[in-house]
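Participant: Given next are the chains, with one letter for each unit.
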Amino acid sequence: MNDFPLFPESASSVAPLVDGLYLFLVAVTGAVSLLIWIVIFFFAIKYRRRPDNELAQEQEPPAALEMTWTIVPLIVFIGIFVAGAWVFFRMQRVPANAIEIYATGRQWMWKFQHPTGQREINHLHVPVGRAIKITAASEDVIHSLWFPSFRVKADILPNRYRTMWFEATKTGRYHIFCAEYCGTLHSGMVGWVEVMEPTEYQRWLAGGSEGSLASQGEKLFEKYACNTCHTSTAGARGPVLAGLYGKTRQLADGRSVVADENYIRESILNPQAKIAAGFQPIMPTFQGQVNEDDLIRLLAYVRTVGSEPANAVESPASALESRGAPPSPSSPPGAPGSQPAASTGTNQ
Amino acid sequence: MSEDATLSQSAEHAATPHGHGHHHPFLQHHFEDMGQQHEASTLGMWFFVAQEILFFGGVFCAYFIYREMYPEAWAAGSKLQHWEIGAANTVVLIGSSLTMALAVWGAQQAKRKLTTLMLVLTLVLGAIFVGVKGYEYAEHIHHGQFPGSAFTYQHAQNPALTPGIELFMTFYFTMTGLHALHMIIGAGLLLWFIKRTWRGDFGPEYYSPVEIMGLYWHFVDIVWIFLFPLLYLV
Amino acid sequence: MTSTTIDDAPFIEPSTRVRRNYINDEYGVLSWLLTKDHKRIAILYLISVTIFFIVGGVFAFLMRLELLTPEGDMFTSDQYNKLFTLHGIVMIFFFLIPAIPAVMGNFILPIMLGAKDLAFPKINLLSWYVYMIGGTFGVIVIITGGVDTGWTFYTPFSTQYSNTKVFATTLGAFITGFSSILTALNFLVTIHRMRAPGLTWFRLPLFVWSMYATSVVIMLATPVLAITLVLLMVERALQVGIFDPALGGDPVLYQHMFWFYSHPAVYIMILPGMAVISECVAAFTRKKIFGYKFVAFSSLAIAFLGFLVWAHHMFVAGMSVYSAMIFSFLTMLVAVPSAIKVFNWTATMYKASVSWQTPMLYVMGFIGLFTIGGVTGLFLGALGVDVHVHDSYFVVAHFHYIMVGGTIMAYMAGLHYWWPKMTGRMYPEWWGRLSALLVFVGFNLTFFPQFLVGYVGMPRRYHAYAPEFQVLNVLSTAGATVLAAGYLLPMIYLAWSLKFGRRAGANPWGAAGLEWATSSPPPKENFHETPAVTWDAYDYPAFLKAMKETQNV
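Chains as they are written, first to last, in my numbering: chain C, 1 to 348; chain R, 1001 to 1234; chain Z, 2001 to 2553.
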């Protein structure tokens, strides 16, 4: 990083795509703007008002010209749209077997939790060359997690998980910014992401931890006495959680829902919202008792347990289809499941 | 829109600052004739109604989105309303629309007493409506159903529905409150119109204010026609 | 000298007679405060929006001073957050939205139509009072401690977390909205019902077309903002959860409702700018606007399409990929009518009689800057790039190129163009050109670096920033100083010209249009006889012929 960069570091797999599109746009629109400027000045000088030129010569506009500068820009603009959408799709599709990292935004810090249990504040360590999927929620207002050097950003909403991903291609230290205004110390809600060689990353992971995220979640599962109802055998008061994650669930009121992060979250905080078919609405709410960090641990545990037996998993194609439904905040349309080969990251 | 209004008028016009003189006393100086003035004012009212539709449209839109999100709470919330009272109020309001329409007709026919009577009746019916609404509000507040810190209501069978019901009641008070505000503004205008009618301002040549008042009143009624089933009968 | 002096125009009959006009018709403060004359109301608006422009400008300048250094050393974070919030609110709600419609539209539109006044003069006066009440709330907020939500009032920050004067501010914005609605209603009815004999739709000046489109947008979008702010105020007052997720609400719904108004609001701000530019291009090239109907209908197309693109402000806010694609596509469509206008204005200069007087300098600046503002909108509409530059300084630069490089350049052009009509005096030409140059140079120096620093990664609304962004920020602040000088100059010399400026004739520019067919300043009733229009807009030969026949100049 020099003292006066005009271009950000390009340190992720999508960065060259974004930069390519950006430079293409700079070239095209720069050329058109320059052309317009030159023409304006040329006309303004050539046809300046002179004694023999007090009144302009009237010209009937040729219709062909009007059509040309209506249709040609339209085609160019649609081309830009297609290119932009193509890059966007690449940004949204989370690759399979990405490392799952959880993030929490709050006024005014970023908290990250690794699957192995490490927790960091305003710092994030990731290995180079591996896809990293970040699942994030906010504890208070809307924040926005931005990695300028990776060219990715997502608004982090309260009470809802958003996902984003990147794959760093260069080791180094890069900015993390909050991009959505979030109050007094908004400009202090910044941090650093350290991209490390995989071996170094392994060494870093080996440093102190309180056990993996899922195992921490298991302890909480016992602490909150979830295990008294959610036992491992059918017939208990609560549904069996094994094999749950990513599966389509039948609800008591006849609807069905994909058991994704947001569903699990809602079922902990507001259990009455969606009752699984065949069960009574007897679970108490944990709203206000489980904080965001613990929620993430519980979620990690439920996901681990949930992925154990090989249950029928939604096909990627139908996952995409369900995402086309109109966005409804409480029932997230589709979600990156445990088979996220083609799942997009901006589920609500 | 037609251009004849402006094209057909004569270019003759005195340069007096106020075009009273030989014109109708209520012709404002910047209009050429009563026809233009009438068309301008009714068109203006239609534009006003258009923006009102967008105004209420916004809150209806939000209402429907949350209704999608919380269908059970919405159903439970609407059970807190007494649909009988709402239905009776609807009848009252439709009645006031009728009297308002008769008032407009009366103004056109230069029936001063009939117009005044009908306007008074409209005002009375409107007042009954607002009064009944006030009674309903008082009941809700008494039962702790006013959203915010005063909200003490708990749904008996399913307490988990309570936050959604509070949201419903927020919409209930916002929507009916905005509607009642429109009614009160309308009632204020009616008072002024009663005075003007009694004074004999209106006649076949000049009735557009009454007509505009009617448009406003009908619009406010129609809003209620939508509000009633959405809030009482979900 | 590249331009002729104004008196050389062969068909000008310089009018030096002092006659009764709208200014000297009545005297006394009350005759202004209770006036129903659209021209006097325009002057009231001119004074009020200028005051708000100065206030908003001071806020902007203080922000630029803070950003000279990466550390937040001049103001506290709270103070800085209040500065950018108030800058946005004052500039958007109290300056940009009313500026051109309420000042120039009020003054010129009825005259262009050959009408004696707007359809509802009392409502017109009411709109100014409503505006002033809203403005008073704004001033009270500024004096009593400010507000720190950003002009967008995003929930749940604005409803649950901010400890500042959110309620009073939103109430002020809510009230001011009704002032716009009343003005728009007046314009629509006036355009429909009060045109002079012979003034058919396709003889209307393009100013009227654009104002019509603006008014439609105001009428249909502002009430949605009003109800959104009502819901916000209800939530803030009662602490219920309409938009607060913790209480079951949806913060993204607020964004949808807010942008359903606020994206069209962008067109509320730029369409009047385009209106002024069309007039000035025609006047200072003495030529019909090339492709009149295309320019006219492009205004309506912008007004229509402007309603369909609101969610492009929310591509990273958590919408589905498919809705993002639809809104991105529609965003590309809305760029087309703007491009049509730029091409047609440019083509109008072909074989024209181009004058280099101040308004034309502003026009050329407008076309250049608006082009940059427009094409950078394509960057933001392209999904892949938007994810990176959203909420960065790139966005700040983009909308300042539209709002300042576009709307304010047009406002300055219009102010100089119609100044002789409004006041009966000429501004000093040399100073005018100097200010146009300063504004152009200062503007580019201020905002071009922001494109760069935005792409490098500087987020907007940052009180303190990473050190590597400093060079570009220093450039920007330097530019802001030049820009401030460019805006201060006209305030001084225009005020000076009120007393010392050369008296203007009825048609100092040799322009075609009904407003130049009445004296400067116009009489109270605009025209002593209702004019009959026999010429198409900007048809110079026909206009001259008609003027010679009526001897009305």
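No lab work stands behind these hints, which were simulated from the structure alone.
Misleading hints may appear alongside valid ones.
[Claimed, not checked] Capping the alpha-carbon separation at 30 Å, the derived lysine-lysine pairs in BS3-like fashion look like this:
1) Z:K2122 with C:K46
2) C:K274 with C:K133
3) Z:K2351 with R:K1195
4) R:K1195 with Z:K2293
5) C:K46 with Z:K2036
6) C:K111 with C:K133
7) C:K247 with C:K46
8) R:K1111 with Z:K2122
9) C:K247 with C:K133
10) R:K1111 with C:K274
11) C:K133 with C:K46
12) C:K46 with Z:K2545
Participant: Take the hints in turn and mark each one as holding or not.
Facilitator: Results for each hint:
This hinted pair does not check out: K2122 (chain Z) and K46 (chain C) have alpha carbons roughly 49 Å apart, beyond 30 Å. Between the alpha carbons of K274 (chain C) and K133 (chain C) the distance comes to roughly 27 Å, so the proposed pair stays at or under 30 Å and holds. For the hint linking K2351 (chain Z) to K1195 (chain R), the alpha-carbon distance of about 64 Å lies beyond 30 Å, and the restraint is violated. Restraint check for K1195 (chain R) and K2293 (chain Z): the C-alpha separation of about 49 Å exceeds 30 Å, so the hint is violated.
Straight-line distance between C-alpha atoms of K46 (chain C) and K2036 (chain Z) comes to about 46 Å, which puts the hinted pair past the 30 Å bound. The hinted pair formed by K111 (chain C) and K133 (chain C) meets the criterion: a straight-line CA distance of about 15 Å does not exceed 30 Å. For the proposed pair K247 (chain C) and K46 (chain C), the alpha carbon gap of about 72 Å is over 30 Å, so the pair is violated. Between K1111 (chain R) and K2122 (chain Z) the CA atoms are separated by roughly 29 Å; this keeps the pair inside 30 Å, and the hint holds.
Proposed proximity of K247 (chain C) and K133 (chain C) is supported: the alpha carbons are some 20 Å apart, at most 30 Å. About 63 Å separates the Cα atoms of K1111 (chain R) and K274 (chain C), which puts this hinted pair outside 30 Å; it is violated. Between K133 (chain C) and K46 (chain C) the alpha-carbon distance is near 59 Å, which puts this suggested pair outside the 30 Å criterion. Annotation: proposed proximity of K46 (chain C) to K2545 (chain Z) holds, straight-line Cα distance about 28 Å (limit 30 Å).
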